[in-house]
Amino acid sequence: MKKQGQKFVSLMKRYGPGFVAFSEASGRVLAHGRDIKKMWEDAEKKRIDFSKVVISHVPKYGSLSLYWRG
Amino acid sequence: MDKPSFPFQYSAIPYIGRIFIPIIPIRLKTVNGVAKFNFLVDTGADLTTLPHFMASRLGIDLSKKKQSVAEGLGGFRVKTWLVKVDLIFPDDKLTVRASITDENSTPFLLGRVDLLDVIYSWNFDAELKKIMFEPIL
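Just so you know, the protein sequences line up as chains W and F, in that order.
Residue numbering for the first sequence follows my numbering, beginning at 811 and increasing consecutively.
Residue numbering for the second sequence follows my numbering, beginning at 113 and increasing consecutively.
The hints are simulated quantities; they were obtained by calculation from the structure and are not laboratory data.
Treat the hints with care, as some may be off.
[Stated by the list, open to error] Partial pick of chain W residues on the chain F-facing surface, computed with a CB cut under 10 Å: (1) V819; (2) P827; (3) S836; (4) G837; (5) D852; (6) P869.
[As the list claims (entries may be wrong)] Taking lysine to aspartate or glutamate pairs in the DMTMM-like style, the calculated list, with each CA pair at most 20 Å apart, reads: (7) W:K870 <-> F:D237; (8) F:K141 <-> W:E854; (9) F:K148 <-> W:D852; (10) F:K205 <-> F:D226.
By construction, the Cβ of each residue, glycine as well, lies at the ideal position given by its N, Cα and C atoms.
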């Protein structure tokens with residue numbers, strides 16, 4: 811559980827705010843961008859197999875998240 | 113219908129410490145194939161919400177969709193389009209009404225409409241450290 815938290819923190823520190831596509835198997839970040847479009851273009855450029863990744867929003871490290879009513 | 117469950121995920125914030133973040137993986141059928149997205153389970157969101165770029169990736173033509181406005185904390189307003197999205201769970205596929213915002217940094221939010229109170233109860237089980245989607249019988 812501690813590792814899970816540390817993993818997300820490291821993602822926030824390195825990639826937040828933004829989006830990442832990470833390997834479902836290894837957890838390695840394969841593509842990233844400041845927004846979903848940039849991340850997607852990075853993933854397509856690297857010819858990533860979208861069926862093997864998890865795409866996630868990554869908040870900015872150190873900021874609390876307050877989301878709007880969708 | 114099976115009971116989808118998802119282990120708790122955690123983050124940390126300076127001066128506060130560890131924070132539980134209710135994100136769960138849901139598959140969406142995109143033009144690049146079926147991909148898995150982390151959605152924030154947001155009981156405060158009326159609708160499931162996705163960033164603008166996802167419309168093109170999901171094959172949705174926004175010019176034919178009804179426009180709306182979503183309002184958030186501090187009166188922050190954003191233009192949205194009302195769409196329908198297929199959410200693919202491990203053993204289930206649900207079509208829900210959703211909103212697409214006009215910007216690309218919106219997180220993926222899982223809102224209440226067509227899910228909570230209709231299909232599933234959402235149970236944040238602190239003992240099992242899992243988010244359980246319990247089907248309404």
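Here is how each hint holds up against the structure:
no., hint, result
1, V819, "holds (5 Å)"
2, P827, "holds (7 Å)"
3, S836, "violated (14 Å)"
4, G837, "violated (13 Å)"
5, D852, "violated (13 Å)"
6, P869, "holds (8 Å)"
7, W:K870 <-> F:D237, "violated (27 Å)"
8, F:K141 <-> W:E854, "holds (16 Å)"
9, F:K148 <-> W:D852, "holds (17 Å)"
10, F:K205 <-> F:D226, "holds (12 Å)"
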